[in-house]
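Respectively, the protein sequence lines represent chains E and H. Going by the numbering used here, the residue at position 92 of the first sequence is 92; the numbering climbs one at a time, nothing skipped. Going by the numbering used here, the residue at position 224 of the second sequence is 224; the numbering climbs one at a time, nothing skipped.
Calculated directly from the structure, the hints in this document are not laboratory data. For every residue, glycine included, the Cβ atom is placed at its ideal position computed from N, Cα and C. Errors might be hidden in some of the hints.
[What the hints assert, rightly or not] Lysine-lysine pairs mimicking DSS-like chemistry, simulated, CA-CA at most 30 Å apart:
(1) H/K274 - H/K360
(2) E/K77 - H/K185
(3) H/K274 - H/K185
(4) E/K84 - E/K94
(5) E/K51 - E/K24
(6) E/K94 - E/K77
(7) H/K97 - E/K51
(8) H/K360 - H/K341
(9) H/K97 - E/K24
[Said to hold, decoys possible] If you anchor each label on the Cβ, the simulated ranges turn out as follows:
(10) H/Q307 - E/K87: 47 to 55 Å
(11) H/G226 - E/A2: 23 to 31 Å
(12) H/D105 - E/K36: 37 to 45 Å
(13) H/M319 - E/K36: 32 to 40 Å
(14) H/D388 - E/R80: 51 to 59 Å
(15) E/A93 - H/D6: 45 to 53 Å
(16) H/D388 - E/K87: 41 to 49 Å
(17) E/E65 - H/A40: 48 to 56 Å
(18) E/A93 - H/L220: 42 to 50 Å
(19) E/R85 - H/D388: 34 to 42 Å
(20) E/R80 - H/G246: 37 to 45 Å
(21) E/I47 - H/D407: 24 to 32 Å
(22) H/Y167 - E/A86: 32 to 40 Å
[To be verified] Reference excerpt, derived from the structure (chain E facing chain H, CB under 8 Å, subset only):
(23) N20
(24) Q26
(25) E65
(26) H68
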Amino acid sequence: MALIHVPRPRNAMDPDRPVNALLKAQMLHLHDAESKLPVRHHTDIYINAIKTEGEAANYIRQVTEAIHAAHAAAAAKRARPAAKRAKRAKKKAKTKLGRNA
Amino acid sequence: MPPGLDNLKHIVVLMMENRSFDHMLGSLTAVNPQIDGITAALSNPDTTGAAVQPQPLAEFQGQLDPDPDHHFPAVDLQIFGGNTGAGRAANMQGFVKSYFNQQQDVGHSQKIMYYFAQNQLPVLTTLALEFAVFNRWFASIPGPTICNRAFAHYGTSFGRVDMDLLYVNEPFQSIYSRLINANPKHTAKLYYYDTTSSTMEITNLLQNQPELFGSYQQFLSDCSSGNLPDYSFVEPNYSDHDSDAGEEVASDQHPDHNIQAGELFIASVYNAIKSSPLWPNTALLVVYDEHGGIYDHVVPPACTPDQFTASANDTGTGMPFAFDRLGVRVPAILISPWIPKGTVVNRVFDHASIPGTITKFFLGAYAPRSPRESSADVFIEPNSGAVDPTRNLLSLNAVRTDCPDFDV
Chain E
1 MALIHVPRPR
11 NAMDPDRPVN
21 ALLKAQMLHL
31 HDAESKLPVR
41 HHTDIYINAI
51 KTEGEAANYI
61 RQVTEAIHAA
71 HAAAAAKRAR
81 PAAKRAKRAK
91 KKAKTKLGRN
101 A
Chain H
1 MPPGLDNLKH
11 IVVLMMENRS
21 FDHMLGSLTA
31 VNPQIDGITA
41 ALSNPDTTGA
51 AVQPQPLAEF
61 QGQLDPDPDH
71 HFPAVDLQIF
81 GGNTGAGRAA
91 NMQGFVKSYF
101 NQQQDVGHSQ
111 KIMYYFAQNQ
121 LPVLTTLALE
131 FAVFNRWFAS
141 IPGPTICNRA
151 FAHYGTSFGR
161 VDMDLLYVNE
171 PFQSIYSRLI
181 NANPKHTAKL
191 YYYDTTSSTM
201 EITNLLQNQP
211 ELFGSYQQFL
221 SDCSSGNLPD
231 YSFVEPNYSD
241 HDSDAGEEVA
251 SDQHPDHNIQ
261 AGELFIASVY
271 NAIKSSPLWP
281 NTALLVVYDE
291 HGGIYDHVVP
301 PACTPDQFTA
311 SANDTGTGMP
321 FAFDRLGVRV
331 PAILISPWIP
341 KGTVVNRVFD
351 HASIPGTITK
361 FFLGAYAPRS
371 PRESSADVFI
381 EPNSGAVDPT
391 RNLLSLNAVR
401 TDCPDFDV
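Next up, chain E with everything else stripped away, as it sits in the complex:
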């Protein structure tokens, strides 16, 4: 079958387009998510002042990255005691070996 040509859009980019209802809803959902994050992960963006798609996109990016960062921080914290435990166990085993020798 022949390769099918797909026309590219021209002059479609408009980050100044007013925010549509879908993006508004997405911002509200993320605002709710942001309120549950540790304070250090909060943005200082006032969402009621967001009027354009570009502004909405910036807010959505910041909160999405913050959610991932908060999960990553929590995972790192969970992993730390485990590493400490492993180190302690290793040290204990070494001491025991020394005593038995």
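We have chain E; now place chain H onto it with these hints.
The following block gives chain H in isolation, referenced to the frame of chain E:
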């Protein structure tokens, strides 16, 4: 077991935004009369009482501004033509009236009847003609995006008919949680375009499962390396924004976003799978979340009620809603090299069919599913037990070698 089902290991769903079947694929009736699209008999009255016929005058951008109303009360008007009386019957006669309500402009309101000519949408129309197009795939609810997308993830919207953030009511888990918690464990991923576009599925993002999410770049990489999960859900780009790669134009096709950008995105997803080593083992469903207030002529059918009811206050129509009828028809196409060219499916589906199909295919019997999902039809037959050949869409005995390619 038919070889198409035997070889199927990965299912990918791409959900686009807010376009009706007639608007996008209605032109194809002229090519294949089995496809239930636009005919000369169709019309809607405008507010002067004149009949407005569908015309192939849809434009890629700038025409459906303001965004046509598709919240519950507006869709009720579109489907029932403004009849709110007892014993009313759906007639699909209220689309022009509904759009008129937004600008009070008769000429502008008629644009809701416009549809795309076949040659304007080379990607979507080619895929529809080359693989399996669904004549009866409906939105799950006669309402907006979030509650409809919820049906694709959970098989229910937990009683919501609006855009509010929803919280999962046990025992109905998302299809992703079901798969990754199964024994044996399955894999699932929701790929959003990038962090700036993010996802419409915040509920899952809030839970402790960030590992379920990936970017579109990761999807492309997972395709080329042959590492797609068992189930993938792909989201388009919802906004015009700048990124490290340059300007990113919204590809969701939500009015008033550019239709051609969405065409490119659909082709990109298709090409990524087709050029991957997983092409013979993958099925791709391209589907739209709801009709976006745009005209379609098929009356949505009744369905099994969900176990939730939206109150008269929640629906905004003065009438409660028991989730006992479907929303407006949307484009849906199933793609696989095991599907015969020109397949047209007439069975009824809605988005609850997505978790329904994935669950039955990968997990088999799984009890805690919503009444809507449990009664929804499946678009891929379970790969266990006897398969009814009249229902199996992946029915060829050998992989096709004549599938199209797009220059993206």
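Now the hints, each set against the structure:
{"no.": "1", "hint": "H/K274 - H/K360", "verdict": "25 Å, holds"}
{"no.": "2", "hint": "E/K77 - H/K185", "verdict": "26 Å, holds"}
{"no.": "3", "hint": "H/K274 - H/K185", "verdict": "26 Å, holds"}
{"no.": "4", "hint": "E/K84 - E/K94", "verdict": "15 Å, holds"}
{"no.": "5", "hint": "E/K51 - E/K24", "verdict": "9 Å, holds"}
{"no.": "6", "hint": "E/K94 - E/K77", "verdict": "27 Å, holds"}
{"no.": "7", "hint": "H/K97 - E/K51", "verdict": "29 Å, holds"}
{"no.": "8", "hint": "H/K360 - H/K341", "verdict": "26 Å, holds"}
{"no.": "9", "hint": "H/K97 - E/K24", "verdict": "26 Å, holds"}
{"no.": "10", "hint": "H/Q307 - E/K87: 47 to 55 Å", "verdict": "52 Å, holds"}
{"no.": "11", "hint": "H/G226 - E/A2: 23 to 31 Å", "verdict": "27 Å, holds"}
{"no.": "12", "hint": "H/D105 - E/K36: 37 to 45 Å", "verdict": "44 Å, holds"}
{"no.": "13", "hint": "H/M319 - E/K36: 32 to 40 Å", "verdict": "35 Å, holds"}
{"no.": "14", "hint": "H/D388 - E/R80: 51 to 59 Å", "verdict": "55 Å, holds"}
{"no.": "15", "hint": "E/A93 - H/D6: 45 to 53 Å", "verdict": "51 Å, holds"}
{"no.": "16", "hint": "H/D388 - E/K87: 41 to 49 Å", "verdict": "60 Å, violated"}
{"no.": "17", "hint": "E/E65 - H/A40: 48 to 56 Å", "verdict": "53 Å, holds"}
{"no.": "18", "hint": "E/A93 - H/L220: 42 to 50 Å", "verdict": "47 Å, holds"}
{"no.": "19", "hint": "E/R85 - H/D388: 34 to 42 Å", "verdict": "55 Å, violated"}
{"no.": "20", "hint": "E/R80 - H/G246: 37 to 45 Å", "verdict": "39 Å, holds"}
{"no.": "21", "hint": "E/I47 - H/D407: 24 to 32 Å", "verdict": "40 Å, violated"}
{"no.": "22", "hint": "H/Y167 - E/A86: 32 to 40 Å", "verdict": "38 Å, holds"}
{"no.": "23", "hint": "N20", "verdict": "6 Å, holds"}
{"no.": "24", "hint": "Q26", "verdict": "6 Å, holds"}
{"no.": "25", "hint": "E65", "verdict": "5 Å, holds"}
{"no.": "26", "hint": "H68", "verdict": "6 Å, holds"}
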